[in-house]
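Whole structure, please, built from the sequences with the hints as guidance.
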Amino acid sequence: MPDAAPPFPEVMAWASGPAGSAEGAAAPSPLLVADGLVKTYTRRRGLRREEVHAVRGVSFALAPGRVQALVGQSGSGKSTVAKMLTGTERPTAGTVTLEGRDVTHLRGAELRAYRSQVQMVFQDPFAALNPTKSVGASVGRPLRNHLGLSGDALRERVVALLDGVGLSPGSLYVDKLPHQLSGGQRQRVVIARALAPRPRLLIADEPISMLDVSIRAEILELLATTVQERDVAMLYITHDLLSARLLADDLMVMRDGAVVEQGPTVRVVREPEHAYTETLLAAVPRPPGVVAR
Amino acid sequence: MTAAALRPRARAPQWFTILWRNKKARFGMLLLLAFVLLALLAPVIAPYDPRDRSFAGGLPPSAAHWFGTTGKGYDVASQAIFGARTSLVIGLVAGAIATAISLLVGMTAGYLGGMVDEVLSFATNLALVVPALPLMITLAAYVPGGGSEWMVIIVISITGWAGAARLKRAQILTLRNREYIQAARMAGDGTFHVIFREIAPNMTSLIVVGFIGAVGGAIGAEAGLAFLGIGNPDTISWGTMLYWANTDGALLTGAFARLVVPGLLLALLTTALTFVNFGVDALSNPHLREP
Numbered sequence: 001m002p003d004a005a006p007p008f009p010e011v012m013a014w015a016s017g018p019a020g021s022a023e024g025a026a027a028p029s030p031l032l033v034a035d036g037l038v039k040t041y042t043r044r045r046g047l048r049r050e051e052v053h054a055v056r057g058v059s060f061a062l063a064p065g066r067v068q069a070l071v072g073q074s075g076s077g078k079s080t081v082a083k084m085l086t087g088t089e090r091p092t093a094g095t096v097t098l099e100g101r102d103v104t105h106l107r108g109a110e111l112r113a114y115r116s117q118v119q120m121v122f123q124d125p126f127a128a129l130n131p132t133k134s135v136g137a138s139v140g141r142p143l144r145n146h147l148g149l150s151g152d153a154l155r156e157r158v159v160a161l162l163d164g165v166g167l168s169p170g171s172l173y174v175d176k177l178p179h180q181l182s183g184g185q186r187q188r189v190v191i192a193r194a195l196a197p198r199p200r201l202l203i204a205d206e207p208i209s210m211l212d213v214s215i216r217a218e219i220l221e222l223l224a225t226t227v228q229e230r231d232v233a234m235l236y237i238t239h240d241l242l243s244a245r246l247l248a249d250d251l252m253v254m255r256d257g258a259v260v261e262q263g264p265t266v267r268v269v270r271e272p273e274h275a276y277t278e279t280l281l282a283a284v285p286r287p288p289g290v291v292a293r
Numbered sequence: 294m295t296a297a298a299l300r301p302r303a304r305a306p307q308w309f310t311i312l313w314r315n316k317k318a319r320f321g322m323l324l325l326l327a328f329v330l331l332a333l334l335a336p337v338i339a340p341y342d343p344r345d346r347s348f349a350g351g352l353p354p355s356a357a358h359w360f361g362t363t364g365k366g367y368d369v370a371s372q373a374i375f376g377a378r379t380s381l382v383i384g385l386v387a388g389a390i391a392t393a394i395s396l397l398v399g400m401t402a403g404y405l406g407g408m409v410d411e412v413l414s415f416a417t418n419l420a421l422v423v424p425a426l427p428l429m430i431t432l433a434a435y436v437p438g439g440g441s442e443w444m445v446i447i448v449i450s451i452t453g454w455a456g457a458a459r460l461k462r463a464q465i466l467t468l469r470n471r472e473y474i475q476a477a478r479m480a481g482d483g484t485f486h487v488i489f490r491e492i493a494p495n496m497t498s499l500i501v502v503g504f505i506g507a508v509g510g511a512i513g514a515e516a517g518l519a520f521l522g523i524g525n526p527d528t529i530s531w532g533t534m535l536y537w538a539n540t541d542g543a544l545l546t547g548a549f550a551r552l553v554v555p556g557l558l559l560a561l562l563t564t565a566l567t568f569v570n571f572g573v574d575a576l577s578n579p580h581l582r583e584p
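Residue numbers (this note's numbering), protein chains in the order written: chain A, 1 to 293; chain B, 294 to 584.
Just so you know, these hints were derived from the structure itself, not from any lab. Treat the hints with care, since some could be wrong.
[Stated by the list, open to error] Straight line, CA to CA, 25 Å or less: simulated SDA-like cross-link-like pairs of lysine to any residue: (1) A:Lys83 with A:Leu222; (2) A:Lys176 with A:Ile215; (3) B:Lys316 with B:Leu561; (4) B:Lys365 with B:Pro336; (5) A:Lys83 with B:Leu397; (6) A:Lys133 with B:Gly351; (7) A:Lys83 with B:Gly483; (8) A:Lys176 with B:Leu397; (9) B:Lys317 with B:Asn539; (10) A:Lys133 with B:Arg471; (11) B:Lys316 with B:Gly542; (12) A:Lys133 with B:Pro336; (13) B:Lys317 with B:Leu561; (14) A:Lys133 with B:Lys365.
[To be verified] With the Cβ distance kept under 8 Å, some of the chain A side facing chain B (calculated, not the full set): (15) Thr86; (16) Arg112; (17) Ser116; (18) Met120; (19) Phe122.
Just so you know, even glycine gets a beta-carbon here, dropped at the ideal spot from N, CA and C.
Right, dumping it as structure tokens:
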């Protein structure tokens, strides 16, 4: 493998799997395909109507067991893309298909069923958990709604899920309220809740940007093992190229609502084609003495 | 630990513990309990029947009549004790109705937004700008069945919900876009569940504070209406006691007890409600809970 020394070898050790195998493995058939997504908001400013082009024609495919990173600065339309995938926002144009089925305009019960397949890990673990509900209640809702579990079976599944995200023993955490947990523990709860309905696609919207630097690697590792063990597809949204480089098999760069560069992570990072990608790469902090890339 | 940790928590005693730990709330609850006992045990505690007018009129306070008698020969103490019933019942019922209206209007307007919000907000603002007391007097004078307790309750409720509705609408506007609400939708929760199980618990203190405030307001409004002679002056309540004290010229004759007793009871009851409210904040704000 003609790879130069990675920036942080000890962090890279576990991540070498996905990043290294990116070019070798044949891409599996896609789970979800986004085709030409466009989102235009209209806002009133005084008497004039003003169109805001949040997303202008974004296409990509997500495959099981692979991580697709979506990199861009604030306001580039990353989160709007995520909302269109979860059915929270309706695209102005374009389609989303899940295994060949058009899921762009689902409503009611169909939307609910679709959402058991597509789950989200939120950015702010302090805002993503209801402060008045226990960990068990939060993680249990999707089990109750999507899988129809209740009683002891529900509780067992919740405990198993918490164990699975590194909150063990899970029984110790079930009755805790969010304010009794640290930021990293909360994010693990959020991940457990997202995994609860056994989704096929995880959308992680800047899952580590609000966390302490010391626990970011742990959460990234948890996400990486989740993708591999459960064979889910993941859309990893971030403004941080370094974490995308560590986690993602494929990478696309967004700017002002459009994708400016798209391809296998290793290729994009080594031979960026677009000037904006180079700017982002130059912004990755590199301690002196460490050989670049 | 293990066995207890595996069982779901009992919810009901928890809120009580939180309230009880707060010294102000404890004081308020004990005072309130005293009033409730006073109302429930009125026939036991009161020395005479409040409608017994066989005594001499205008007696000064004595061992037989703790606070004297009225100009018509009623026992003031017995009337004050039975008056607690009227104030508590009208306060609770009118407060509950006003809170229910404000919840329905405020939550619906705030959560649904759009045209529904426009219409409901207009109605709320209209109810806010109409001066409450003249409206109450007009309604009390023209609504059929004038003088009955139900009429008083209805008049108080429909003039007292608007401010609380606006508060609830504002609160739900800040809560409905939180990430955990989005997460609840992702978890498959429906609109009803989201409003009343995800959002409402985070508004507990606002709802309960609003309710207790509405009860206090209703008690005051009932006393105010009765004092003005609107409604049935034969009802036994603190307001009618003040009304009769006023018409009998109690101040001129030096029968201060006839004014001070119902006035002080009204003030104490409102104070009790206010103190309970201090503790309610800790319910919806878990940060305040830790002992």
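Comparing the hints with the structure gives:
no. : hint                   : in the structure
1   : A:Lys83 with A:Leu222  : holds (23 Å)
2   : A:Lys176 with A:Ile215 : holds (20 Å)
3   : B:Lys316 with B:Leu561 : holds (17 Å)
4   : B:Lys365 with B:Pro336 : holds (21 Å)
5   : A:Lys83 with B:Leu397  : violated (30 Å)
6   : A:Lys133 with B:Gly351 : violated (60 Å)
7   : A:Lys83 with B:Gly483  : holds (18 Å)
8   : A:Lys176 with B:Leu397 : violated (32 Å)
9   : B:Lys317 with B:Asn539 : violated (35 Å)
10  : A:Lys133 with B:Arg471 : holds (14 Å)
11  : B:Lys316 with B:Gly542 : violated (41 Å)
12  : A:Lys133 with B:Pro336 : violated (45 Å)
13  : B:Lys317 with B:Leu561 : holds (14 Å)
14  : A:Lys133 with B:Lys365 : violated (59 Å)
15  : Thr86                  : holds (6 Å)
16  : Arg112                 : holds (5 Å)
17  : Ser116                 : holds (7 Å)
18  : Met120                 : holds (6 Å)
19  : Phe122                 : holds (5 Å)
In this structure, the earlier hints numbered 5, 6, 8, 9, 11, 12 and 14 are contradicted, and the remaining ones agree with it.
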